[in-house]
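Q: Required output: the full structure, derived from the provided sequences and hints.
Chains A and B are the protein sequences, given in the same order.
For the first sequence, numbering that gives the first Met the number 0 assigns the number 0 to the initial residue and increments by one for each residue that follows.
For the second sequence, numbering that gives the first Met the number 0 assigns the number 0 to the initial residue and increments by one for each residue that follows.
You may find that some hints are simply not true.
What the hints assert, rightly or not - Simulated pairs of lysine-lysine, BS3-like, Cα-Cα distance not exceeding 25 angstroms:
(1) Lys197/A with Lys138/B
(2) Lys78/B with Lys195/A
(3) Lys178/A with Lys23/B
(4) Lys162/B with Lys175/A
(5) Lys78/B with Lys124/B
(6) Lys175/A with Lys288/B
(7) Lys175/A with Lys148/B
Claimed, not checked - Residues from chain A shown here face chain B by an in silico Cβ test under 10 angstroms; the list is partial:
(8) Ser26
(9) Glu172
(10) Gly184
(11) Ala185
(12) Leu203
Hints were generated in silico from the structure; no laboratory data involved.
The beta-carbon is built from N, C-alpha and C at its ideal position, and this holds for glycine as well.
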Amino acid sequence: MIRDITLGQYYPADSILHRLDPRTKLSGTLAFIISVFLFHTFPGYAVATVFLAVMIKISKVPVKFIFKGLKAILMILMITVVFNMVLTPGQILWKWGFLKITREGVDLAVRMAIRLIYLVIGSSIMTLTTTPNQLTDGLEKSLRPLNKIHVPVHEISMMMSIALRFIPILLEETDKIMKAQIARGAAFENGNLIQKAKNMIPLLVPLFISAFRRANDLAMAMEARCYHGGDHRTQMKPLKYAARDRIAYCILAGYLAIGIAFRVMGI
Amino acid sequence: MSIELKNVMYTYSPGTSYEIHALKDIDLNIPDGQFIGVIGHTGSGKSTLIQHLNALIRPTSGTILYNGEDIWADKYDRKTLRSEVGLVFQYPEHQLFESDVLSDVCFGPMNQGKTREEAEAEARKALSQVGFKEKNYGKSPFELSGGQKKRVAIAGVLAMNPKILILDEPTAGLDPKGRDDILDQIAELHAARGITIILVSHSMEDIAKYVERLIVMNHGETVFDDTPKAVFSHYKELETMGLAAPQITYIMHALKEHGLDVDADATTVEEAKRSILAVLNENKSALLKAEGGCLDD
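A: In structure tokens form, the structure reads like this:
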């Protein structure tokens with residue numbers, strides 16, 4: 000019932016992107032996000048499109064999966080587009096009552112839509128090619144310098160990986176609880192907002208109880224294996240940059256340079 | 000009041016790399032009043048199958064008829080269907096949510112549109128039929144033991160007065176005594192209410208004693224659908240599916256192989272005892288006759 004959320008869902012495949020160090024992919028995603036904001040002309044967007052298309056191609060993830068993530072932002076996208084079109088002052092293209100669509104509005108709306116879509120696709124490529132565990136490993140290592148100013152980097156990344164790990168479990172659990180209650184005649188769609196909220200109680204109570212129980216079990220299991228936080232902890236698979244990561248960084252630097260050049264030259 | 004499945008297929012995540020064919024071309028007819036066991040290894044499709052029976056899952060292809068009507072027809076009232084085909088899931092934790100047992104059991108009947116008083120009457124009846132003590136009605140469902148939670152969960156569905164009651168692994172996680180208690184209670188329900196009961200399990204021992212019809216699932220297909228006796232005679236094939244016949248079947252077959260002419264189809268310990276005693280007595284009297292009766296008793 001609630002399975003079509005792509006953000007944070009790994010797609011197993013064997014591609015260069017899958018094999019890259021998660022830190023490289025994190026930096027890459029960051030570079031891409033910056034570039035999307037650097038480009039502000041259509042030739043610039045064309046460059047971003049080519050970059051994105053090549054990434055999708057070499058990621059070996061079916062295009063269908065990549066676009067699935069867009070479903071979640073469809074509403075935001077529509078609202079952004081409509082408001083930008085209607086509320087931007089400028090040369091009027093079409094008018095109906097107090098509503099007017101301006102040339103500048105359409106222009107802005109298209110740019111916004113492109114940026115939003117590219118942001119989601121860009122980050123989806125990262126999450127589709129990186130397992131949640133790799134991702135938090137990458138984050139932990141990238142953020143390690145913050146340890147110096149007493150940011151509990153290891154603890155944060157541990158919490159993140161546990162949270163990510165629990166998402167599919169809790170989704171599955173929600174599905175089961177919903178079914179068990181539907182079998183007892185519960186209706187989750189009927190009624191007004193208050194009624195709907197009330198109808199959620201038979202779903203939420205068992206879900207919370209199970210989440211707490213799982214958290215408790217996990218804490219116990221971790222303690223039983225002598226977990227005591229990040230100090231002096233070594234990793235089973237320490238992250239190491241390979242040749243392909245250096246190449247990837249070079250490509251990223253080049254790509255970002257193009258973005259800056261476009262911006263400076265005003266293309 | 001029958002359920003009929005025709006060419007039912009179900010595929011999880013079709014068109015992706017996670018595609019699983021959970022059910023393959025299932026044909027099944029479940030008439031009124033039967034006590035049916037569904038058995039299969041983990042992942043054999045038995046849970047998927049039973050969720051089709053009350054329209055919690057829509058088949059990828061094929062039709063399911065309840066009293067001759069297609070339950071996935073446009074205007075079919077699936078809510079009524081779900082109150083007539085009651086399904087109790089494996090984990091009571093998935094459905095208990097109220098602050099006391101009685102209110103929790105009332106949830107089903109009240110969803111059917113009954114008033115609190117009517118619902119309570121149904122709840123009390125159901126709770127007493129599953130052997131739940133009245134003094135515990137006011138307790139929180141979360142402070143009960145595993146066996147008691149299970150009883151409350153069963154009562155929660157039973158209170159809706161279903162005509163067919165499906166139980167998914169009702170004995171999982173219970174100790175042997177709790178297991179026998181629950182199964183005896185279910186058998187009593189079958190007798191008292193005359194409803195159809197479908198019992199899902201992966202343990203032969205559990206259900207051999209109770210059911211009159213046994214459906215064996217393997218890799219999403221129904222492999223056997225017959226009386227327990229007939230199914231257990233295929234005990235060697237059952238083993239290849241990761242299942243086993245009741246231990247007594249093995250003993251009886253071993254005895255037969257060693258030349259004792261017992262009834263190898265016996266499925267319960269009681270039957271086996273009778274058969275073995277009969278054969279032994281026969282042998283003894285034959286022996287007596289052969290030795291001309293000069294052997295002392």
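Q: All the hints need checking, so say for each whether the structure fits it.
A: Each hint, compared with the structure:
1. Lys197/A with Lys138/B: Since the Cα atoms of lysine 197/A and lysine 138/B sit roughly 23 angstroms apart, the hinted pair holds (cutoff 25 angstroms).
2. Lys78/B with Lys195/A: Roughly 17 angstroms between the alpha carbons, so the hint for lysine 78/B and lysine 195/A holds.
3. Lys178/A with Lys23/B: Satisfied, since the Cα-Cα distance of roughly 22 angstroms is no more than 25 angstroms.
4. Lys162/B with Lys175/A: 23 angstroms, holds
5. Lys78/B with Lys124/B: Measuring from Cα to Cα gives roughly 23 angstroms; hence the hint holds.
6. Lys175/A with Lys288/B: 67 angstroms, violated
7. Lys175/A with Lys148/B: 17 angstroms, holds
8. Ser26: 28 angstroms, violated
9. Glu172: With a minimum Cβ separation of about 8 angstroms from chain B (threshold 10 angstroms), the hint on glutamate 172/A holds.
10. Gly184: 3 angstroms, holds
11. Ala185: Where the cut-off is 10 angstroms and the nearest Cβ of chain B is about 6 angstroms from alanine 185/A, the hint holds.
12. Leu203: 8 angstroms, holds
Of the hints listed earlier, those the structure fails to meet are numbers 6 and 8, in rising order.
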